[in-house]
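Q: As a plain string of letters, each chain reads:
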Amino acid sequence: MIKIGVVDTTFSRIDMAKYAIEVIEQELPEAVIIRYTVPGIKDIPVAAKKLLDEGCEAVITLGWVGGKQVDKYSYLAMSIGLIMLQILTGKHVIDVTVHEDEADDPEKLLEIARNRARKHAYNLVKLVKYGGTALTQYAGKGLRQGYPDVGPLIEG
Amino acid sequence: MIKIGVVDTTFSRIDMAKYAIEVIEQELPEAVIIRYTVPGIKDIPVAAKKLLDEGCEAVITLGWVGGKQVDKYSYLAMSIGLIMLQILTGKHVIDVTVHEDEADDPEKLLEIARNRARKHAYNLVKLVKYGGTALTQYAGKGLRQGYPDVGPLIEG
Amino acid sequence: MIKIGVVDTTFSRIDMAKYAIEVIEQELPEAVIIRYTVPGIKDIPVAAKKLLDEGCEAVITLGWVGGKQVDKYSYLAMSIGLIMLQILTGKHVIDVTVHEDEADDPEKLLEIARNRARKHAYNLVKLVKYGGTALTQYAGKGLRQGYPDVGPLIEG
Amino acid sequence: MIKIGVVDTTFSRIDMAKYAIEVIEQELPEAVIIRYTVPGIKDIPVAAKKLLDEGCEAVITLGWVGGKQVDKYSYLAMSIGLIMLQILTGKHVIDVTVHEDEADDPEKLLEIARNRARKHAYNLVKLVKYGGTALTQYAGKGLRQGYPDVGPLIEG
Amino acid sequence: MIKIGVVDTTFSRIDMAKYAIEVIEQELPEAVIIRYTVPGIKDIPVAAKKLLDEGCEAVITLGWVGGKQVDKYSYLAMSIGLIMLQILTGKHVIDVTVHEDEADDPEKLLEIARNRARKHAYNLVKLVKYGGTALTQYAGKGLRQGYPDVGPLIEG
Chain A
3 MIKIGVVDTT FSRIDMAKYA IEVIEQELPE AVIIRYTVPG IKDIPVAAKK
53 LLDEGCEAVI TLGWVGGKQV DKYSYLAMSI GLIMLQILTG KHVIDVTVHE
103 DEADDPEKLL EIARNRARKH AYNLVKLVKY GGTALTQYAG KGLRQGYPDV
153 GPLIEG
Chain B
3 MIKIGVVDTT FSRIDMAKYA IEVIEQELPE AVIIRYTVPG IKDIPVAAKK
53 LLDEGCEAVI TLGWVGGKQV DKYSYLAMSI GLIMLQILTG KHVIDVTVHE
103 DEADDPEKLL EIARNRARKH AYNLVKLVKY GGTALTQYAG KGLRQGYPDV
153 GPLIEG
Chain C
3 MIKIGVVDTT FSRIDMAKYA IEVIEQELPE AVIIRYTVPG IKDIPVAAKK
53 LLDEGCEAVI TLGWVGGKQV DKYSYLAMSI GLIMLQILTG KHVIDVTVHE
103 DEADDPEKLL EIARNRARKH AYNLVKLVKY GGTALTQYAG KGLRQGYPDV
153 GPLIEG
Chain D
3 MIKIGVVDTT FSRIDMAKYA IEVIEQELPE AVIIRYTVPG IKDIPVAAKK
53 LLDEGCEAVI TLGWVGGKQV DKYSYLAMSI GLIMLQILTG KHVIDVTVHE
103 DEADDPEKLL EIARNRARKH AYNLVKLVKY GGTALTQYAG KGLRQGYPDV
153 GPLIEG
Chain E
3 MIKIGVVDTT FSRIDMAKYA IEVIEQELPE AVIIRYTVPG IKDIPVAAKK
53 LLDEGCEAVI TLGWVGGKQV DKYSYLAMSI GLIMLQILTG KHVIDVTVHE
103 DEADDPEKLL EIARNRARKH AYNLVKLVKY GGTALTQYAG KGLRQGYPDV
153 GPLIEG
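So the protein lines, in turn, are chains A, B, C, D and E.
When we follow the working numbering, the leftmost residue of the first sequence carries the number 3, and every step to the right adds one.
When we follow the working numbering, the leftmost residue of the second sequence carries the number 3, and every step to the right adds one.
When we follow the working numbering, the leftmost residue of the third sequence carries the number 3, and every step to the right adds one.
When we follow the working numbering, the leftmost residue of the fourth sequence carries the number 3, and every step to the right adds one.
When we follow the working numbering, the leftmost residue of the fifth sequence carries the number 3, and every step to the right adds one.
Don't take each hint at face value.
No distinction is drawn between identical chains; accordingly, a pair holds when it is met within one copy or between any pair of copies.
[To be verified] Straight-line C-alpha distance at most 16 Å; calculated EDC-like pairs for lysine to aspartate or glutamate:
1. 128 - 24
2. 5 - 55
3. 131 - 32
4. 131 - 27
5. 143 - 102
6. 70 - 102
7. 20 - 107
What the hints contain is simulated information worked out from the structure, not anything from laboratory work.
Work the whole structure out from these sequences, hints included.
A: This is the structure in structure tokens:
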């Protein structure tokens with residue numbers, strides 16, 4: 003049995019976990035998904051830690067960051083924390099972050115969030131199922147999550 | 003017996019711990035609350051560490067940050083520290099921070115501080131009592147602490 | 003026997019340790035003070051670490067930060083280091099930092115430095131002697147080090 | 003048998019690993035190269051950690067950073083993570099980062115990326131083969147990766 | 003036998019290690035100096051770690067930082083890494099950093115670099131030979147490395 007963790011927040015204005023979970027359930031049906039919801043992004047690393055301690059093979063986290071400078075510092079602190087957690091455990095914690103100032107239009111933000119959550123869930127599944135060379139065919143291909151892929155800078 | 007830690011500062015201009023403690027005493031009456039007061043935000047992580055070492059199940063910290071750039075760097079350092087502490091211990095340290103430049107009006111700042119302290123105390127109690135799915139019903143719901151909830155970006 | 007560490011720098015333009023030591027000697031006469039002087043603020047964390055390894059119960063550090071942006075980054079790095087040290091050891095390291103751009107007037111800077119060093123030395127002594135509730139009577143009272151206390155935001 | 007790790011991303015718009023691998027294969031033909039491709043730069047540290055755990059003697063990482071401020075914070079978080087990983091393992095993780103805003107012209111960016119990846123692969127090989135004095139003949143010589151060497155500031 | 007580590011970079015445009023080594027050889031003739039040259043500042047912490055693992059009592063590092071904002075973030079990451087390394091080992095790693103934008107004039111930069119490397123090498127030797135009180139006579143004296151000492155703010 004494989005366990006996959008999903009961490010999200012009540013601060014987020016979109017239920018991003020829903021989209022990530024749909025992908026994981028479809029692509030990795032044998033997985034048990036354990037969800038952990040916290041207030042905000044600074045609480046995400048400890049939730050991921052708890053899920054890894056419960057035996058999760060990997061975790062996807064879904065964070066929503068405000069537009070002020072202090073929000074960006076909080077994002078930086080969370081990012082350092084998630085990276086340190088991964089270094090200490092050797093497990094992937096794929097971070098899906100949406101910045102509220104990425105778009106003014108709610109529909110656009112929703113599209114970014116949904117797309118980013120789904121694509122990173124696919125990334126997570128591939129890494130868990132096939133390991134470190136699963137994405138190598140896309141190395142340098144300018145893939146984007148939340149936006150259309152931009153492609154490699156110079157073809158062929 | 004469950005122990006809950008409360009860390010606050012003498013730098014703060016509002017006794018935020020009072021509001022947090024009221025909520026914890028009401029919602030988790032069986033808990034023993036251990037309080038630790040430090041000078042300023044950079045002293046908060048070690049106080050939280052000491053309370054966790056004394057057996058606290060979780061800690062809520064109440065910090066007050068000045069409006070200058072160096073204050074924001076101190077906030078960043080504290081945030082990294084609290085996140086690292088949580089990663090190392092696997093325990094929640096819910097951080098309530100009020101930035102002095104969030105409002106000019108003292109009454110407004112008081113309202114922010116009181117509301118944020120109370121709501122995060124509720125968050126803490128729910129996580130301690132019911133675990134990582136206690137807040138899942140609110141995932142993506144745009145909850146805010148210190149301000150009214152903004153709600154999900156797009157209903158339904 | 004209780005040991006208290008004092009770390010200061012040759013970069014500083016004021017002998018702040020002198021004021022801190024005066025307070026510690028007066029308020030905690032049974033303490034043995036161990037001093038460690040380093041070149042600049044980035045050397046402070048390891049000096050504090052060495053003093054804790056020698057058995058100090060707590061350490062007070064006295065740093066002086068220049069006015070340039072890279073000096074502020076050095077301040078941030080030092081702050082993260084001191085917080086991590088405290089998390090790893092569970093001991094207080096009270097940080098007294100004076101930023102050279104806090105005032106233009108040398109007399110004013112001296113006043114800030116002296117006041118901050120003394121007040122934080124008092125804080126250290128209280129925490130060491132009486133523990134985490136020693137300062138609770140001042141929680142939320144708007145105490146300042148280096149400047150007059152600003153008091154609580156709203157009285158009563 | 004010596005193992006060398008290569009970490010790259012699907013976010014990158016240039017397949018930088020190709021250039022690094024060419025150099026490693028040519029200069030260190032006895033090495034087994036283990037590649038690990040991740041979505042973006044914040045996933046690089048854990049991939050490097052996994053490769054070190056698999057017995058790699060050293061790792062080269064190839065990251066691509068966007069032009070927005072939050073991208074730079076992600077770069078900072080990754081850099082701190084890679085440095086901490088190296089401190090914890092005592093192994094070199096040579097970081098090749100290209101910032102998308104280094105040039106407007108795609109050809110120029112390609113030139114930067116290719117040059118930087120190759121030169122740092124040479125650096126890695128030299129450090130692995132000959133140790134810490136392998137590059138000492140170039141100390142202070144103003145070598146650059148991604149650009150022509152600038153040379154020492156003052157000759158002779 | 004005492005071992006002292008010296009870490010420098012090929013990115014630097016001045017051979018700063020030369021000046022540091024001259025001082026160490028003169029002031030601590032019984033020391034064995036172990037040098038480690040890396041490409042750039044982000045490689046410095048692991049080199050210092052390796053030298054400490056080889057038994058060095060202390061390390062001096064000589065870094066050169068470019069003038070762009072991302073270079074400053076790299077400086078911040080390196081500084082955090084060096085401080086964490088010192089906390090984990092309890093050994094001094096004296097950091098000599100020259101920022102390329104400290105001066106426009108090459109001669110001036112050379113003067114800064116040479117002076118800073120020499121003075122910090124003296125600091126290192128004093129700390130290693132005489133311990134934490136070796137520099138106490140200069141505490142608060144406004145010493146500078148790279149520039150003339152500025153002296154205490156207010157005499158007497």
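Q: Run every hint past the structure and note whether it holds.
A: Against the structure, the hints come out as follows:
no. : hint      : verdict
1   : 128 - 24  : within (15 Å within a copy, 26 Å between copies)
2   : 5 - 55    : within (11 Å within a copy, 22 Å between copies)
3   : 131 - 32  : within (11 Å within a copy, 30 Å between copies)
4   : 131 - 27  : within (13 Å within a copy, 28 Å between copies)
5   : 143 - 102 : between (27 Å within a copy, 14 Å between copies)
6   : 70 - 102  : both (10 Å within a copy, 14 Å between copies)
7   : 20 - 107  : neither (21 Å within a copy, 40 Å between copies)
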